[in-house]
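S.K.: Given next are the chains, with one letter for each unit.
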Amino acid sequence: MSRYANNPQAIRNLIRPTEVHRDVYIDQEVFELEMKHLFANTWVFVGHESQTPNKGDYFTTEIGTQPVIMVRHSDNEIYVLHNRCPHKGTKIAIDRTGNTGKFFRCPYHAWSFKTNGCLLAIPLRKGYKDTGLEESESVHGMAPVGAVKNYRGFIFARLNKEGPDFESFFGESLSSFDNMVDRSPEGRLEVAGPPLRYMHRCNWKMLVENQTDTCHPMVAHESSAGTAIDLWEKMDKPEGTKKPMAMEVIAPFMSPYEFFENMGIRTWPNGHGHTGVHHSIHSDYSAIPGYYEQMVEAYGEERAKAILGENRHNTVYFPNIMIKGPIQQLRLFTPIAADKTLVESYIYRLVGAPDMLLERTAMYNRMINAPTSMVGHDDLEMYERAQEGLHSDGLEWVNVQRLYQEGENFDEIAVENGTTERQMRNQFHAWEKYMTMTMEGDA
Amino acid sequence: MKAPTRDDLIDFVYEEARMLDDGRFDEWLDLWTHDSYYWMPLDYNQEDAKHVTSLLHEDAFMRKLRVERFKGERTFSQKPKTRCHHVLNRPFIDHMDEEKGEYVTHTAFHYVETRLDDQILLAATARHELKLIDGKLKITHKRVDLLNSDAAFGNIQMFL
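In order, the protein sequence lines correspond to chains U and E.
In terms of this note's numbering, the first sequence opens at residue 2 and continues consecutively.
In terms of this note's numbering, the second sequence opens at residue 12 and continues consecutively.
Hints in this document: simulated from the structure, not taken from any laboratory.
Because the structure is a prediction, the values reported are computed rather than measured.
Mixed in with the good hints there might be a few duds.
[What the hints assert, rightly or not] Label-pair restraints from in silico Cβ distances:
(1) U:Asn400 x E:His96: 39 to 47 Å
(2) U:Phe104 x E:Lys111: 54 to 62 Å
(3) E:Asp33 x U:Lys238: 26 to 34 Å
(4) E:Lys111 x U:Lys341: 47 to 55 Å
(5) U:Gly291 x E:His106: 55 to 63 Å
(6) E:Asp46 x U:Phe104: 50 to 58 Å
C-beta: ideal position from N, C-alpha, C; glycine also.
Chain E extracted, bound-state conformation (with noise of 0.2 Å):
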């Protein structure tokens, strides 16, 4: 890929939620660059991810650890295993620098956790910021708002 077009943006945004929801995790953690993080805020509109608590801010390390984890044989919570969902509206092209290979989009979508007789629906929305790198498109870094995000919960186990 030379310089993506508004349409490879949204393929990408797309492909990445099918990775999740057909559970293909090792060929999602490829999409990140090894400094990227994954954020999700604790409180509307927060702007620091570090020194207030956030319900996720996950760089490769841990990324990984959590892929891992959901192969484990002691992996209890995982047994069964949880299944997941997206529901994705058309992402907006926040931000295209052609020159700098860097690109911003913004999606909102509805996410459907499940395991046993449990689900739940969330609905949230992803920025995600991305880097043209040796002809790939790579995630420096996505945030997650959910609507809800002050909710009291119970498990999220997936990633959204």
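If we strip away everything but chain U, and leave its shape as in the complex, we get (with noise of 0.2 Å):
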């Protein structure tokens, strides 16, 4: 029985202003939907142009759950393609990357395609004259996604042909990504290895929304960063010992709550939003000899200064990634079913810094976010016993309350209380409107 395709009604009703209904997080066919209608009228991340650097060069990922590949064509632009042969529906490429030379050729028939997808040959091609081949969807070859972006090296996608351009859906949010390439002296960043791939029992929406939860950090890893802090605090060592990289990555985790809140949320139209306006868990790292001096003389003292200055803590890019700025990191939470989602956690080099930098930023993020962190295991526990817990019939809907101002525009960029859930309520704002926005059925 369909309750919600082509019933923009009753997805709009699953949102109230504090609160959701659970079946956003476990009902199937809302997750169905949110692959055909919020996946598709959306700007979802691909990769990143270093993972394809030569012509040729391909990368095979998913925008929601559609298998694509991203590949250099022979202009020197990246492509994003439908992976699937127009023929069969055999996939084109199944190994992460590679390359493929001028052209895709089918395992299968050997159909083989330009790297722009368009079709290129057909074996014994003379067994399709007169059969009207030239009106099928075949004759078109790989079919391209509806429209690509590559903003400062991030190459991003929109599956349908029609929606928002790029620059309205993410406006003022891209200043995180801009902050994140500036921090590389000459303004470039490339991937470093391949990601972390950790598999989660959970809704994709648990993760997108725990990156801007500011309240369980000292709650649900006081067993990771308060242990950490304690070993240190009782070990023995000479006075004014300097606190090891490790320690200056965790423990930021088991800041108070006052810390959180004067860190400031900022949120922008569209789901997007990011927590450390005026400080965050990043503001305090030492300092990596020499780095400065080359910021310096790449931008100038004062634009330097404003550049690291700048010390965001997460900012989610409606609606599946985060980025963090400081440390050069991006986690793509990608939708598998309703309670299955796959994250990985790339990390990027500072093209021209130091390498001690990518050697912080490859520690964080195997301390934080590998399938072997203790700090992501915190984190799983947690939200594979919310995707348990929400089948219990004893309520229906999931509280997203916290500093709730009367009559919230999303619609205008807000600066709040670092503890509130306003980007929370801004994300479903944001669920609601491309969710519905092509569906029929309204009246």
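Assemble the dimeric complex from its two separately framed chains, guided by the hints.
M.R.: Right under this line is the structure:
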């Protein structure tokens, strides 16, 4: 029985100003509608241009649940194509990365395609003579996604041909990407190695919400960060011993509520937002020798100070990524089912900056976001308990009420107390908008 | 122990795994030198532990932290506790330098980790670098390569 398809009012009824219905997390039909509407109407992160540096280089990934290939064409532009042969549906590439030369060749019947997707050749083509192949979908080759944008090296795609343009969808939120890239003295990032891949048995939105949930670190991470602080304090060491890099990374997770209240949250239209407006858990890392001088050389003192003085914590780009500018990390929350999400955590090298920065970035990634990471274990335990708990019929609604103000307008940029759940409400406001934008059925 | 025999080295590797299976973590921590590292690469044939992501690259402090966290009252991902089980192939002795007291072993093994209704099986290879210090073998470096290190995992909470 379909309850939500072509019923935008039923979708809207799931979102109230201060609470959301559990079906947004546990209902498989809602999930499928998210894939059909939300992930097709919005701009979704695909990859970084440095993953395909040469012509013919490709990278396979998913937009929502849609398999796609990101590939560098002979014109040096990056294309994003559906990973499906127009003939029988075979995936054209299944390795995660590779170089295909000047064309893709389907391994099943050797139909071949230019790296922009256009059909190049079909073996024994005369067999299609006078069959009307020109009228078929297949003749166009591998289907491109609706639209692609390369923003400072980061590739985004919109599945639908029509929809919001990139600039109006992201607006001023792109300042977080700018800050991350500007931290390279050359203004350029390069992906550093493969991503961590961590499977979560929970809904993808739990992960996105957690990125701006500032009331959980001192509770859920007491076991890891709290224990680290205890151990460090009890350790026999000479007075004034400098905290090791690992302690600088993990200790701020135990910062008190006031720290998070004062750090601030900024929300932008269309579901984007970030924590750490004034300071963040990344503000007090030790300076890396030589880096500041490189930045001053590249940008001048005033601009270098402005770039390095911006220490945003987590920036959520709706629907499904988070970036950390100060440590050059991007986390992609790929939905697989209502109760299954793949989390991939990428790190990037600041081209031209000292290697020690990358060392800290790689350390952060493995310490906080690996399937072997204690902090990761703390979080996943909470998500999976929530995913199971939501099946309880005792209550049907999830509360997102903290610091709610009557008449909140999410089309305006706002800066609020860092413990507000406004950014979660902002995401659900955008969720409702992009879920129903292309849905038929309104009277 | 003066110079360890091949059997001593092999016994050491088996005993280390048994400590983990038995949950004798404090004893296990004592097997390591103070400046040793436990490394689990993320990528097949990974050479650099520090400038690309690893699954684990843990010094003495981080290993101790993991063990102390296991014991914590508010360690919710360890309520109930995880248990693990190693099945080891006989270790190869790849290197013996009696003069320096340095030894390298190579061990294929299967690892099972369980908690609640979940159980995972991992195939892995361990490379132990050992050193004889004050008559005792100590680990200076342990590298664990998962056969499927690039796969998407759920939680892996214990040491392999």
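S.K.: Now, for every hint given, state plainly whether the structure supports it.
M.R.: Here's how the hints hold up against the structure:
The hinted range of 39 to 47 Å is satisfied by Asn400 (chain U) and His96 (chain E), whose Cβ atoms lie roughly 41 Å apart. At roughly 56 Å, the beta-carbon separation of Phe104 (chain U) and Lys111 (chain E) lies within the given 54 to 62 Å, and the hint holds. In this structure the supplied range 26 to 34 Å holds for Asp33 (chain E) paired with Lys238 (chain U), their Cβ-Cβ distance being about 31 Å. The beta-carbon spacing between Lys111 (chain E) and Lys341 (chain U), approximately 51 Å, falls within the hinted interval of 47 to 55 Å.
Separated by about 38 Å at the C-beta atoms, Gly291 (chain U) and His106 (chain E) break the suggested range of 55 to 63 Å. A hinted range of 50 to 58 Å for the beta carbons of Asp46 (chain E) and Phe104 (chain U) is consistent with their spacing of about 53 Å.
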